[in-house]
Amino acid sequence: YGVFASVLTIGAMVGAITSGRLADTLGRKMTMRLAAVIGIFGWLSVYLAKDAMMLYAGRVLLGYCTGVLSYVVGMFNLLMFSCLHYWCIYFMALFGFSRISTLCYPSYRAFRRSRVSKVAGETANMGRETEFKVSLQKLRGKDSDISGEASEIKVVGVGLMIFQQLGGINALGFYTSYIFSSAGFSGKLGTILIGIVQIPITLLGALLMDRSGRRALLLVSSSGTFLGCFLTGLSFYFKAQGLYLQLVPTLALCGILVYYAAYSVGMGPVPVPWVIMSEIFSIDMKAIAGSLVTLVSWIGSFGISYSFNFLMNWNPAGTFFLFSAASLVTVLFVDRLVPETKGRTLEEIQELLKAST
Numbered sequence: 208y209g210v211f212a213s214v215l216t217i218g219a220m221v222g223a224i225t226s227g228r229l230a231d232t233l234g235r236k237m238t239m240r241l242a243a244v245i246g247i248f249g250w251l252s253v254y255l256a257k258d259a260m261m262l263y264a265g266r267v268l269l270g271y272c273t274g275v276l277s278y279v280v281g282m283f284n285l286l287m288f289s290c291l292h293y294w295c296i297y298f299m300a301l302f303g304f305s306r307i308s309t310l311c312y313p314s315y316r317a318f319r320r321s322r323v324s325k326v327a328g329e330t331a332n333m334g335r336e337t338e339f340k341v342s343l344q345k346l347r348g349k350d351s352d353i354s355g356e357a358s359e360i361k362v363v364g365v366g367l368m369i370f371q372q373l374g375g376i377n378a379l380g381f382y383t384s385y386i387f388s389s390a391g392f393s394g395k396l397g398t399i400l401i402g403i404v405q406i407p408i409t410l411l412g413a414l415l416m417d418r419s420g421r422r423a424l425l426l427v428s429s430s431g432t433f434l435g436c437f438l439t440g441l442s443f444y445f446k447a448q449g450l451y452l453q454l455v456p457t458l459a460l461c462g463i464l465v466y467y468a469a470y471s472v473g474m475g476p477v478p479v480p481w482v483i484m485s486e487i488f489s490i491d492m493k494a495i496a497g498s499l500v501t502l503v504s505w506i507g508s509f510g511i512s513y514s515f516n517f518l519m520n521w522n523p524a525g526t527f528f529l530f531s532a533a534s535l536v537t538v539l540f541v542d543r544l545v546p547e548t549k550g551r552t553l554e555e556i557q558e559l560l561k562a563s564t
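Here our numbering = 1-based position in the sequence shown + 207.
Heads up, a few of these hints could be off.
[As the list claims (entries may be wrong)] Distance ranges between label pairs, derived from CB positions:
#1 L233 / Q453: 20 to 30 Å
#2 G449 / S393: 20 to 30 Å
#3 F248 / L452: 27 to 37 Å
#4 L396 / R240: 23 to 33 Å
#5 Y451 / E547: 17 to 27 Å
#6 T232 / S389: 42 to 52 Å
#7 I247 / V210: 15 to 25 Å
#8 F517 / S384: 35 to 45 Å
#9 V536 / L262: 34 to 44 Å
#10 F248 / C461: 38 to 48 Å
#11 L241 / L450: 33 to 43 Å
#12 L396 / D231: 28 to 38 Å
#13 V404 / G449: 38 to 48 Å
#14 S393 / A447: 31 to 41 Å
Source of the hints: derived by calculation from the structure; they are not laboratory data. As the structure is a prediction and not an experimental result, all values here were calculated from the model. Where a beta carbon is used, it is the ideal one built from N, C-alpha and C, also for glycine.
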C-alpha cells in the first residue's frame with residue numbers, strides 16, 4: 208500500500224522538475240494540454256489495469272500530470288481575480304483539485320505594484336539559482352545587497368511547503384478508511400463525515416482569507432491540526448494500553464474531524480502557504496521559486512505517504528504524536544518567521560521578512 212500510495216508523488220516530482228523546461232519550449236497553454244493528455248492515459252491505465260505494474264504506471268502518469276499542472280497553472284494567476292477565485296477554489300475542492308486550483312490565487316495587486324521585466328519568468332527551470340538572484344537583483348537595483356533577502360524568501364516559501372506535508376495530510380488522505388478501521392470506527396461512515404465537515408469549512412476559509420489575514424489562518428489551522436493529531440494519537444494510546452476502550456472510536460473520530468476542519472481552514476484545501484508564496488515572490492521570481500517549492504512539496508508528500516505504513520506498524524500512537532509535534536513546530540515557525548501579506552506591497556513584505564529574521 209505504501210508503494211501504491213506514494214508512487215503518484217514520484218511522478219509528480221518528475222513533473223515538477225521538467226515543467227519549467229516544457230513551459231519554456233512549448234508555452235504554458237500547450238504544456239497544460241500535454242499534461243491533460245498524459246493524465247487521460249494515466250486514468251486509462253488504471254481503469255484497464257490487469258496487474259500491479261500497470262496500476263503503478265497509471266499512478267506515475269497521473270502524478271506527472273499533477274506535478275506539471277501544479278507549476279504551470281500558477282503561471283496564469285495574473286489573469287484571475289479574487290471573487291472568481293473564491294468560488295472556483297470551493298467547487299474545485301469538492302472534486303479533489305485543491306492543489307491545482309489554489310495555485311491560481313490572484314496576483315492582480317502584485318501586478319499593479321511591480322513593473323518589472325518578465326524575462327526570468329520565461330526562463331524558469333528547476334535549480335536555476337543564478338536566475339533567481341538575477342531577478343531579485345533587477346527588482347531591488349544593481350547596487351542592492353540581495354543575498355540575505357533571497358535566503359529569507361526561500362526559508363519562508365520552502366519552510367511552509369515542508370511543514371504543510373509534515374503535518375501528515377497525505378497520510379490521512381491516503382489512509383483515512385484504514386485509520387478509522389484501526390481505531391474501531393466505520394471507515395465508510397468516517398469518510399462521509401469528513402466530507403460533510405470539510406466542504407463548509409473550505410468555503411469559510413476561502414471567505415476569511417482576505418478578511419482575517421493569511422497569518423492568522425495559518426496559526427489557527429496549524430494549532431487545530433496539532434490538537435486533531437494529538438487526540439487521534441491519544442485514542443491509539445488508550446487502545447494499546449487497554450484504557451477507556453469504549454471511548455477509543457469516538458476519540459479517534461473527533462481527532463480526525465478536528466484535523467480536517469483545521470487543515471481545511473488554512474493549510475488546505477485552500478492552502479494559505481501557496482497564497483503567501485505567490486505574494487512574497489515578485490513576478491520575475493515567481494516562476495523559478497514556484498518550481499522549487501512545488502518540488503519540495505511533492506518530496507514531502509512522497510516521504511509521508513510512503514513511510515506511513517511503516518510508522519503505523521511501529522507505533523500508531525507515536526505516529527500521530529509525531530504529526531502533532533510537527534504541527535506544533537509549524538505554529539512556532541509561522542509565529543516567528545512568516546509575515547502577514549494581506550494588503551501589503553512587496554516592499555512592505557520584504558521589510559517584515561527582514562525584521563522577523
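List, from low to high, the hint numbers that the structure doesn't satisfy.
-> As far as the earlier hints go, 1, 3, 4, 5, 8, 11, 12, 13, 14 are violated by this structure, in ascending order.
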